[in-house]
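Student: Produce the entire structure from the sequences given, and follow the hints as far as they go.
Sequences listed follow chains A and B, in order.
Counting in my numbering, the first sequence runs without a single skipped number right up to 339 at its last residue.
Counting in my numbering, the second sequence runs without a single skipped number right up to 383 at its last residue.
In short, the hints are calculated from the structure, not lab data.
Everything numeric in this text was worked out from a predicted model, so none of it was measured.
Note that CB positions come from ideal geometry on N, CA and C, so glycine has one too.
Incorrect hints may appear among the rest.
[What the hints assert, rightly or not] No farther apart than 27 Å at their CA atoms in a straight line, the calculated lysine-lysine pairs in the BS3-like style are these:
hint, chain 1, residue 1, chain 2, residue 2
1, A, Lys179, B, Lys291
2, A, Lys179, A, Lys137
3, A, Lys137, B, Lys137
[Stated by the list, open to error] Calculated Cβ distances over 10 Å to all of chain A for the following chain B residues:
hint, residue
4, Gly64
5, Met131
6, Gly205
7, Val326
8, Lys329
[Unchecked claim] Among chain A residues calculated to face chain B with C-beta under 8 Å, some are:
hint, residue
9, Ile161
10, Phe182
11, Pro184
12, Arg191
13, Asn232
14, Asp279
15, Ala306
16, Thr308
17, Leu313
18, Tyr321
19, Leu335
20, Leu336
21, Leu338
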Amino acid sequence: MADMQALREAIIKGRRAEVPGLVQAALDEGANPQTLINGHMIEAMKEVGRRFEQKQIFVPEMMIAARAMQAGLEVLKPLLEQAGQAALSLGTVVMGTVFGDLHDIGKNLVILMLESSGFKVVNLGENVPAAGFVEAARQHQAQLVGLSSLLTTGDPYVKATVAAIKQSELAGQVKILCGGAALTPRFVLEECGADGYAPDAVAAVRLAKELLGLA
Amino acid sequence: MVEQRTHVPLGVGFYPDWWHQNYGLSFGRQYYLDPDYRVETQAQMARLLHQRFGEVGLGHPEPRPKPLITFGMVMLPALLGCEIVFEDGALPWAMPRNLGKEECRQLQPPDLAGAWPMKEVFAQIEHLKAKHGQVVGDINVTGVQNLALKLRGDELYIDYYEDPQFAHGLLGFCAQCVLDLWRAVYPLTGSGAVDVTPMADPQTYVVPNCTVEQISGDTYLEFGLPYDAWLAGRCQPFGIHHCGSVDPVVEHYAKVPGLTFMEAGFGSDFARARAILGPQVAFNARISPVLMKNGTPQEVAAAVREALAQGAPLANYSIDTVGLTFGTPDENVRAALVTAREHGRIS
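Tutor: Dropping the structure here:
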């Protein structure tokens, strides 16, 4: 019988090389791909998030777990596509670091976690002007826009980006989620009028699901 | 003779955008490459600070020229091929190269004497010494893991688990670059701390460990401590700047031989860190720039009082509020300074 506990453990510990074999073994024994994803692999990533929030693990451990998850998804994708299903289809997020800020690690970590949790993410990079977020959200028909800001110098650009989205035809169609060391809930939610504030990558995934009614 | 302190010093440092947006001062390419422009800008900064905060002791009405050497945190990344982005209202930033493993293995130690921008800095040192008789400051050495991340990108963190031997090779290369830069600059300036933090004894070799807050204590033990210890064995007195909470790694920092200075970010348990490191290690505690910008003067004062309460012994303790950006209320700056003066008496 396929060892689901071993699969979960391999993802949690980030043992990327083991995951495809464990997924294949489960498939060989007749496991349903969607059940594997939703019932086991995403649950493993939730455990990774819990450990990160409790400071039991740090950025490298989050990254290797997310990579292990993605290695497993690569095995499942062709099967799901054959069956006419998306591997994971929670929605599309456009994500970037706001104008004036060139930091990338926090934003990249959020992207890894979102992708591992079932979102399609368009990475806009760093130093992204407000119009860049609006255009990308429009082009990719995003459901969610993610803004990252490490420096308090980014505050006016967070505000301007939220305003630009709300003044566009996207208003009401996309949710706006902001995070990063410089930001506070009061600034993001009350002053900027964004839909959510995420203090870290795990919270970003949780809030993304909540904002899109998927939680 | 060492000056005896009566109060815990509290440093205030404004981010370039504060100067740029308030007064139009620019910290772009010219600031780093034109030493005369930089000296004049420094004098303007001192005068403006005195006009605005003179009553709480900042700035000077008639400052003496400060023949400063600085290159932000980007000298080694620049020498190793990273694109450097200069902005009028920001510190210079090195874009990560995201090199592949083979490209990393091919990296060669930079030509400090002949390559941009170090060649220009050597010329600046000569120019400033000829004009002012001295130089102040030094060149920030970036830090071992910080530099490795600039070269390899986030993949370095994957390497820690999947190819530790490669990671050690890259970290060792970066440590050698740090050492080479210190050895080239320190004899000319006599300092190794100023470009990282103004709160350390300038003669200390301070290594910036800005990204160590992203890794666990165990990871630091394997991939950080060997290189910090290696540098400390060659550069004394030795200090560490740590962004964010120092709590997960402070027990390992205590193993760095001859550590004389520690700078810890907000969110740290300063009392615990002091207890672990020992009273002989000078300690600088940082107040959050987010609190300084968004908090009330009462909240700022409370944070300073709390940092003071955690700081004993106070004789070699300091606090600073670095990275204050445009929009930081003046009252919060005054509240921090006044609180340190009123509550930071060293008995």
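Student: Hint validation: proline 184 of chain A versus chain B, beta carbon distance must be below 8 Å. Holds or violated?
Tutor: At 4 Å from the nearest chain B Cβ, proline 184 of chain A passes the 8 Å test, so the hint holds.
Student: Less than 8 Å between beta-carbons is the criterion; does arginine 191 of chain A satisfy it with respect to chain B?
Tutor: 6 Å, holds
Student: Can the hint on aspartate 279 of chain A be confirmed by a CB-to-CB distance to chain B that is less than 8 Å?
Tutor: 7 Å, holds
Student: Just to be careful, I want the Cα atoms of lysine 179 of chain A and lysine 137 of chain A compared with a cutoff of 27 Å; is the pair within it?
Tutor: 15 Å, holds
Student: Is the hint on leucine 336 of chain A kept, meaning its closest Cβ partner in chain B is under 8 Å away?
Tutor: For leucine 336 of chain A, the interface hint is violated, since the closest Cβ of chain B sits about 26 Å away, which is over 8 Å.
Student: Please work out if lysine 179 of chain A and lysine 291 of chain B have their alpha carbons no farther apart than 27 Å.
Tutor: Given that 27 Å is the threshold and the Cα spacing comes to 22 Å, the pair holds.
Student: How about alanine 306 of chain A: closest beta carbon in chain B under 8 Å, or not?
Tutor: At about 6 Å, which falls below the 8 Å cut-off, the nearest Cβ of chain B leaves the hint on alanine 306 of chain A intact, so it holds.
Student: Please settle this one: methionine 131 of chain B was flagged as non-interface, so is its CB more than 10 Å from every CB on chain A?
Tutor: Violated: least Cβ distance 7 Å, not greater than 10 Å.
Student: Please verify that hint: tyrosine 321 of chain A, Cβ, nearest Cβ of chain B, below 8 Å or not.
Tutor: Since chain B brings no Cβ nearer than about 13 Å to tyrosine 321 of chain A, farther than 8 Å, the hint is violated.
Student: The output says glycine 205 of chain B does not contact chain A. Does that hold with a beta carbon cutoff of 10 Å?
Tutor: Check passes; 17 Å lies beyond 10 Å.
Student: Lysine 329 of chain B clear of chain A by more than 10 Å, beta carbon to beta carbon?
Tutor: 5 Å, violated
Student: Within a Cα-Cα threshold of 27 Å, do lysine 137 of chain A and lysine 137 of chain B meet the stated pairing?
Tutor: With Cα atoms ~23 Å apart, lysine 137 of chain A and lysine 137 of chain B stay inside 27 Å; holds.
Of the numbered hints given earlier, the model fails hints 5, 7, 8, 9, 17, 18, 19, 20 and 21; all others are met.
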